[in-house]
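Chains as they are written, first to last, in numbering that gives the first Met the number 0: chain A, 0 to 404; chain B, 0 to 404; chain C, 0 to 140; chain D, 0 to 140.
Keep in mind the hints are simulated off the structure, nothing from the lab. The C-beta atom is built at its ideal place from N, Cα and C for all residues, glycine as well. Treat the hints with caution; some may be incorrect.
Cβ-to-Cβ under 7 Å is the rule here; a few derived chain C residues that face chain B [claimed, not checked]:
no., residue
1, Ile15
2, Trp19
3, Ser52
4, Ala73
List time: in silico DMTMM-like cross-link candidates among lysine to aspartate or glutamate, alpha-carbon distance up to 20 Å [what the hints assert, rightly or not]:
no., chain 1, residue 1, chain 2, residue 2
5, A, Lys136, B, Glu338
6, B, Lys21, C, Glu32
7, A, Lys21, D, Asp18
8, A, Lys17, B, Asp44
9, A, Lys371, D, Asp18
10, A, Lys134, B, Asp106
11, B, Lys134, A, Glu260
12, C, Lys31, B, Asp44
13, B, Lys47, A, Asp44
To spell it out: a stretch of chain A is covered by chain B in this simulated footprint if at least three of its residues, at any positions, have a beta carbon under 8 Å from a beta carbon of chain B; those stretches are [stated by the list, open to error]:
no., region
14, 114-126
15, 144-155
16, 214-222
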Amino acid sequence: MGFKINTIRNDFPILSTKVNGKQLVYFDNGATTHKPLQVIDRVSDYYKTENSNVHRASYNLSHIATDLYENSRKFVAKFINANSYREIIFTKGTTESVNLVASGFSDLITEGDEVIITVMEHHSNFVPWQQLCKKNKATLRFLPVLKDGTIDLSELEDMINFKTKLISITHISNVLGTINPVKKISEIAHNNGIPVFVDGAQAIAHTNVDVSDIDCDFYCFSGHKAYGPMGIGVLYGKEEWLNKLSPYQYGGEMISSVNFESTIFNELPYKFEAGTPNVAGALGMEASLRYIQDIGMDNIIKYEDTLLKYATKKLENIKGLRIIGNAKSKIPVISINIEGLHPFDIGTLLDQMGIAIRTGNHCAQPLMEALKLPGTLRVSLALYNTKDEIDLFADALAKAVDMLT
Amino acid sequence: MGFKINTIRNDFPILSTKVNGKQLVYFDNGATTHKPLQVIDRVSDYYKTENSNVHRASYNLSHIATDLYENSRKFVAKFINANSYREIIFTKGTTESVNLVASGFSDLITEGDEVIITVMEHHSNFVPWQQLCKKNKATLRFLPVLKDGTIDLSELEDMINFKTKLISITHISNVLGTINPVKKISEIAHNNGIPVFVDGAQAIAHTNVDVSDIDCDFYCFSGHKAYGPMGIGVLYGKEEWLNKLSPYQYGGEMISSVNFESTIFNELPYKFEAGTPNVAGALGMEASLRYIQDIGMDNIIKYEDTLLKYATKKLENIKGLRIIGNAKSKIPVISINIEGLHPFDIGTLLDQMGIAIRTGNHCAQPLMEALKLPGTLRVSLALYNTKDEIDLFADALAKAVDMLT
Amino acid sequence: MTIKEKSQSVVDEFAIFDDWMDKYAYLIELGKELPIIDEKFKNDSHLITGCQSRVWLHADYDEDNVVFTADSDAVITKGIISLLIRVMSDATPSEIFNADFTFIDDIGLSTHLSPTRANGLVSMVKQMKLYAKALHLKTGK
Amino acid sequence: MTIKEKSQSVVDEFAIFDDWMDKYAYLIELGKELPIIDEKFKNDSHLITGCQSRVWLHADYDEDNVVFTADSDAVITKGIISLLIRVMSDATPSEIFNADFTFIDDIGLSTHLSPTRANGLVSMVKQMKLYAKALHLKTGK
Ligand SMILES: Cc1ncc(COP(=O)(O)O)c(C=O)c1O
Ligand SMILES: Cc1ncc(COP(=O)(O)O)c(C=O)c1O
Numbered sequence: 000m001g002f003k004i005n006t007i008r009n010d011f012p013i014l015s016t017k018v019n020g021k022q023l024v025y026f027d028n029g030a031t032t033h034k035p036l037q038v039i040d041r042v043s044d045y046y047k048t049e050n051s052n053v054h055r056a057s058y059n060l061s062h063i064a065t066d067l068y069e070n071s072r073k074f075v076a077k078f079i080n081a082n083s084y085r086e087i088i089f090t091k092g093t094t095e096s097v098n099l100v101a102s103g104f105s106d107l108i109t110e111g112d113e114v115i116i117t118v119m120e121h122h123s124n125f126v127p128w129q130q131l132c133k134k135n136k137a138t139l140r141f142l143p144v145l146k147d148g149t150i151d152l153s154e155l156e157d158m159i160n161f162k163t164k165l166i167s168i169t170h171i172s173n174v175l176g177t178i179n180p181v182k183k184i185s186e187i188a189h190n191n192g193i194p195v196f197v198d199g200a201q202a203i204a205h206t207n208v209d210v211s212d213i214d215c216d217f218y219c220f221s222g223h224k225a226y227g228p229m230g231i232g233v234l235y236g237k238e239e240w241l242n243k244l245s246p247y248q249y250g251g252e253m254i255s256s257v258n259f260e261s262t263i264f265n266e267l268p269y270k271f272e273a274g275t276p277n278v279a280g281a282l283g284m285e286a287s288l289r290y291i292q293d294i295g296m297d298n299i300i301k302y303e304d305t306l307l308k309y310a311t312k313k314l315e316n317i318k319g320l321r322i323i324g325n326a327k328s329k330i331p332v333i334s335i336n337i338e339g340l341h342p343f344d345i346g347t348l349l350d351q352m353g354i355a356i357r358t359g360n361h362c363a364q365p366l367m368e369a370l371k372l373p374g375t376l377r378v379s380l381a382l383y384n385t386k387d388e389i390d391l392f393a394d395a396l397a398k399a400v401d402m403l404t
Numbered sequence: 000m001g002f003k004i005n006t007i008r009n010d011f012p013i014l015s016t017k018v019n020g021k022q023l024v025y026f027d028n029g030a031t032t033h034k035p036l037q038v039i040d041r042v043s044d045y046y047k048t049e050n051s052n053v054h055r056a057s058y059n060l061s062h063i064a065t066d067l068y069e070n071s072r073k074f075v076a077k078f079i080n081a082n083s084y085r086e087i088i089f090t091k092g093t094t095e096s097v098n099l100v101a102s103g104f105s106d107l108i109t110e111g112d113e114v115i116i117t118v119m120e121h122h123s124n125f126v127p128w129q130q131l132c133k134k135n136k137a138t139l140r141f142l143p144v145l146k147d148g149t150i151d152l153s154e155l156e157d158m159i160n161f162k163t164k165l166i167s168i169t170h171i172s173n174v175l176g177t178i179n180p181v182k183k184i185s186e187i188a189h190n191n192g193i194p195v196f197v198d199g200a201q202a203i204a205h206t207n208v209d210v211s212d213i214d215c216d217f218y219c220f221s222g223h224k225a226y227g228p229m230g231i232g233v234l235y236g237k238e239e240w241l242n243k244l245s246p247y248q249y250g251g252e253m254i255s256s257v258n259f260e261s262t263i264f265n266e267l268p269y270k271f272e273a274g275t276p277n278v279a280g281a282l283g284m285e286a287s288l289r290y291i292q293d294i295g296m297d298n299i300i301k302y303e304d305t306l307l308k309y310a311t312k313k314l315e316n317i318k319g320l321r322i323i324g325n326a327k328s329k330i331p332v333i334s335i336n337i338e339g340l341h342p343f344d345i346g347t348l349l350d351q352m353g354i355a356i357r358t359g360n361h362c363a364q365p366l367m368e369a370l371k372l373p374g375t376l377r378v379s380l381a382l383y384n385t386k387d388e389i390d391l392f393a394d395a396l397a398k399a400v401d402m403l404t
Numbered sequence: 000m001t002i003k004e005k006s007q008s009v010v011d012e013f014a015i016f017d018d019w020m021d022k023y024a025y026l027i028e029l030g031k032e033l034p035i036i037d038e039k040f041k042n043d044s045h046l047i048t049g050c051q052s053r054v055w056l057h058a059d060y061d062e063d064n065v066v067f068t069a070d071s072d073a074v075i076t077k078g079i080i081s082l083l084i085r086v087m088s089d090a091t092p093s094e095i096f097n098a099d100f101t102f103i104d105d106i107g108l109s110t111h112l113s114p115t116r117a118n119g120l121v122s123m124v125k126q127m128k129l130y131a132k133a134l135h136l137k138t139g140k
Numbered sequence: 000m001t002i003k004e005k006s007q008s009v010v011d012e013f014a015i016f017d018d019w020m021d022k023y024a025y026l027i028e029l030g031k032e033l034p035i036i037d038e039k040f041k042n043d044s045h046l047i048t049g050c051q052s053r054v055w056l057h058a059d060y061d062e063d064n065v066v067f068t069a070d071s072d073a074v075i076t077k078g079i080i081s082l083l084i085r086v087m088s089d090a091t092p093s094e095i096f097n098a099d100f101t102f103i104d105d106i107g108l109s110t111h112l113s114p115t116r117a118n119g120l121v122s123m124v125k126q127m128k129l130y131a132k133a134l135h136l137k138t139g140k
């Protein structure tokens, strides 16, 4: 269908909202994205015509809902090129996916073992491992981030040793925009017999995700950061790995049979889906991934890269401004520091001008600590943003800086 | 607003669906309920005009979303008469709520301790405790169910001893319809210094829930069983108890501050809400509870009780039919056994006649084992069901029985 | 007759019914007629898991062919089982595990066989194929 | 002046601005003017948690009244702090912990003070009241 920005913008009703009397300019897509009508309507239509609980009933409506839900699973499997629908677990989001796997690894990590993550992880891919290591007396080690916002693979090789039990890394940094070489990391890890977990929260909407090509052992993302509904996400895991992990929550479809003494758990993927699943969420997420597919990820990448270059150039004109994160391979996430100014002050003034932008530590305090910054001002763009919006933003930013200095 | 069944039916678009060419008769409300337009539109409208991530941002749209989300929390607190919004945790549903508390009790239950549940629990309020007891070498004890589908409180008092660390019980049985005397149970438990967890999955849409009156220490339910969206639910806990439990998942708003070595967790309720919350789900659930409130729970109870009596009477005419669960205090959940016939056969034929009804063990295998039944045929009604539908069902049931004998 | 031919004969047989009641009445009749498994095999080791109705399945090997016997406590399930057996039994292992089951679709009972169904017929077909595969590996047929 | 009167004077002061830019420019000015805390109190034990910008708060007791000093690394936050201090400081403990803060609403800065905000001003008001309460319990005033 190609890339027609006006058609795309029309798909997103919220983009015509006014903020403080001004047109909304939404640049906080790293936090959550807006939803196209295709997604909103999919959810509504499900509740209007197909709603039912799944899996257990012998009536038609439930068969329909079950098929829809399982087809969403198959669609996701294909979208990220998994081998089988059995490798796709629906969760409520990235954070739950990480916690599920960390809980499973609780049995596999013992005193003295090591887990490696990077300094640029989001808290959601950091604190679960920190707490697991604390509980099991293992050591959490941090791969540092270089000046340009990338990591050094040779340093990773140095950190790996016979005690390393897992490497967990974000596919794309939510602060720096850096696309990490996850395929290469998997290769290094596997050469050492170590499994790899990849946090794809920032990747799924902005780059091609092919888990077979990456060859990671786990991958996860949230629907809401890729134009899908809230409350739904995905954990991908290789079957051999998912089979090694104990169930995370108990109840509902994850139970195969049970008596007073013991329980037999269901097979994959149901083993990890306790309780009534979020069927509407899964269908909505399928609709959002179809939306991405219909536009074409390559078109999206190309368009977003144009925006990134345009914005980067524009911003360079502002005095005292420094962009944190200059990897060659990055998505349109631009973290900004302006000398002598606090990001919170700038964000507050930008909000008055209708520009929605994130300030703070972006749930990545360890990275802020490493960068010695109190936080940044973060612009994170999506496929519906435009150069016009970037112009508005740059003007507003200049005005804010002016007011503050 | 009173109880106008036609107005109510018009609120639920799915009720005009056809199944196998026939009008849908949906009697599987115990599994999930349908959604009124008020709920469906609330979710859509959120995505169309108010969508944003919550809590962390300093721009207007996020302030709006945060206020909406926190107002939903306050609404829920009021709806179940909690003391404070801090006692309301949004989860993805009942199953997650139980697992969250069971995980928290993992620190509080040790070898030799006892947990008491009943034989009529749903797997979701059974297997988490079974697995916890197994892991911690504690004993799970089962309060039996009497012939009429009720429990014997004096037997409960006999079971309690100094090793008892928790009593968990369903407010209403999803198989028998029995309303358990949870207030009395809390009193008995508290006299012995024991906390009480109540599974309100089947209660929230069918009876008044007042956690202060019940005086239970924990209460939980799912949105989707009370005309709300999927993927959202509630855990209520008394502050003193919630403060005693460790966090369940790590990441996002539940983190107050973090560095390489350690993490300080946020206060209640955020301590238990990791990751981006399901804001749309919370708003949709608020809309569903408002819907119930507008009709009036007392009106609903009265109407549903008429349906229960009517259906019970109608069914008595069918030869060999036995109703499992005859408590005086029950909601319109009717489990049926017909001598010599398998519930699955009956359910299959009923489906052909457009009647959606649940057959099987209803995720309550221990109860089936105790009742020595392979399963039941379960009619579970909701506020939009009618006597006409019950007539259709009774006729269809007679026809199915006829075909099978 | 090949599995394909046998499937076709079942489909033809059902083609004469034009409403669901007749179809199910016939299935129920089939289900009632057949004591299809030796009582001694109705034990846990022959039970197929994941079913709403209980299904027991046994496989014997008779010269070149697999012979299935089965039973269920639900009569409609039993009716469908008897169709499955009619089609699958007395065939070579390799024929069985290469067979498809679209005939169930064709007679309009497909809701019973979708992979996400909890009624166990899917598990039953799976189990039949597993038996056949095992025998194939053992006998090379 | 009572807290109420001081609040009103702040509201009156802001009433002359009719666009947000002037209001914020004034806040920024206020923020820049004031070195509002002794450097020795700018340590972790005076830091208020839960803020996007860092806020330090110190309370002294001067005869009958509480005297607050505070600082922040963000200038707008500092501006609001200076308003809060103008209104809250030099009041008795019981006056402080009974005060409401609707004046912030009235000058159109309410988005800064909603209880769900992460910028720490809510925590700051809470902390001021806690100080006042502690002093009240200690001194009975
Ligand atoms: C009594 C009871 N408890 C718990 C549950 C589980 O609820 P959910 O699947 O929404 O987590 C159910 C739903 O079937 C139920 O009826
Ligand atoms: C890199 C990264 N990981 C994890 C998360 C957490 O995602 P969620 O809040 O949807 O669970 C985020 C979102 O902020 C993120 O950017």
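Outcome of the hint check:
no., hint, verdict
1, Ile15, "violated (18 Å)"
2, Trp19, "holds (5 Å)"
3, Ser52, "holds (4 Å)"
4, Ala73, "holds (4 Å)"
5, Lys136(A) x Glu338(B), "violated (59 Å)"
6, Lys21(B) x Glu32(C), "violated (31 Å)"
7, Lys21(A) x Asp18(D), "holds (14 Å)"
8, Lys17(A) x Asp44(B), "holds (15 Å)"
9, Lys371(A) x Asp18(D), "violated (36 Å)"
10, Lys134(A) x Asp106(B), "holds (12 Å)"
11, Lys134(B) x Glu260(A), "holds (13 Å)"
12, Lys31(C) x Asp44(B), "violated (55 Å)"
13, Lys47(B) x Asp44(A), "holds (15 Å)"
14, 114-126, "holds (count 6)"
15, 144-155, "violated (count 0)"
16, 214-222, "violated (count 1)"
Hint violations for this structure: numbers 1, 5, 6, 9, 12, 15 and 16, all remaining hints satisfied.
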